[in-house]
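Colleague: Sequence:
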Amino acid sequence: MGITASISDIQSSAGTSNFAPTGTDSLGKDDFLQLLITKMEYQDPLNPMSDEDFIAQLAQFSSLEQMANISDGIAESNQWDFLQMQSINNVMAAGLIGKDVKASYDSVYYDGTNTPSISFSTTSFASDLTIKIKDHEGFTVATLSDSDVPPGDQNYEWDGRNDFGNLVESGHYTLEVTGIDSSGNEFKPTLSLIGKVEAVSYRDGAAYFRINGIEVPFGDVSAIGEEGSFADVGDNDTTDDSNDDGNGDG
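Under the working numbering, the sequence shown has 112 at position 112, and the numbering climbs by one with no breaks.
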């Protein structure tokens, strides 16, 4: 009778004696309890579960619940550690305003009103140069082109319009720059820049630097130094005005 009373209590607290999968690929503690109840409900009356078996099943359920709680605690701790690290990075980012940095990047951010700059360097003369601006699905929304581009640091501006002359939606857009040298061979200019951190902005918990008018994620910065630290490598602040008419075509 003691076992029968325990079963009744468990059924009452569970609300049902039918086993119903939760829809996940693994069994949770609720599923385990339903299995235990169903097993006892359909046990052979002439050969019922012994007290020892019942206690062993409950012990397994208790262990399963403890393991689930430990797993939840670890996940919560990892999330907290991530948020703490993110906060520390954001505080550090604010302290880098005015510093010179070296960064690589592969996208620009258009907020609906700004004019994103596209900065890169080439080691070869480009008889033809193409800049493809792609959305998050990989589709080319705008194409900038130029010809007879000398080697060195280059800077172009995009007005936020697609190839049909319409303004695109705000968001990040990836870049693909391709050049054709004087021999007709294709090469890829390096999307990188060196400059001073002008401002820091925050979106979705992450920090972004504005460098030479280009927005760069904090994680894409490869080196930080005092003003003039990277002068021997070249400064992307100096662009050939004779090669850039400010309309995105050099």
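Just so you know, the hints here were simulated from the structure itself, not pulled from any lab data. For glycine and all other residues, C-beta sits at the position ideal for the given N, C-alpha and C. Hints may contain errors.
To be verified - Pairs of lysine-lysine, BS3-like flavour, derived with a Cα cap of 27 Å: (1) K102 with K188; (2) K134 with K99; (3) K99 with K132; (4) K132 with K102; (5) K102 with K196; (6) K99 with K39; (7) K39 with K132.
Said to hold, decoys possible - Ranges of calculated distance between the beta carbons of each label pair, as one might list FRET restraints: (8) N185 with D163: 51 to 57 Å; (9) L167 with K132: 29 to 35 Å; (10) L167 with A68: 27 to 33 Å; (11) G152 with T115: 52 to 58 Å; (12) T123 with N69: 31 to 37 Å.
Colleague: Next step is simple, just say for each hint if it's right about the structure.
Modeller: Hints, verified against the model:
no.: 1; hint: K102 with K188; in the structure: 19 Å, holds
no.: 2; hint: K134 with K99; in the structure: 30 Å, violated
no.: 3; hint: K99 with K132; in the structure: 30 Å, violated
no.: 4; hint: K132 with K102; in the structure: 23 Å, holds
no.: 5; hint: K102 with K196; in the structure: 9 Å, holds
no.: 6; hint: K99 with K39; in the structure: 69 Å, violated
no.: 7; hint: K39 with K132; in the structure: 64 Å, violated
no.: 8; hint: N185 with D163: 51 to 57 Å; in the structure: 26 Å, violated
no.: 9; hint: L167 with K132: 29 to 35 Å; in the structure: 18 Å, violated
no.: 10; hint: L167 with A68: 27 to 33 Å; in the structure: 50 Å, violated
no.: 11; hint: G152 with T115: 52 to 58 Å; in the structure: 22 Å, violated
no.: 12; hint: T123 with N69: 31 to 37 Å; in the structure: 58 Å, violated
Of the hints listed earlier, those the structure fails to meet are numbers 2, 3, 6, 7, 8, 9, 10, 11, 12, in rising order.
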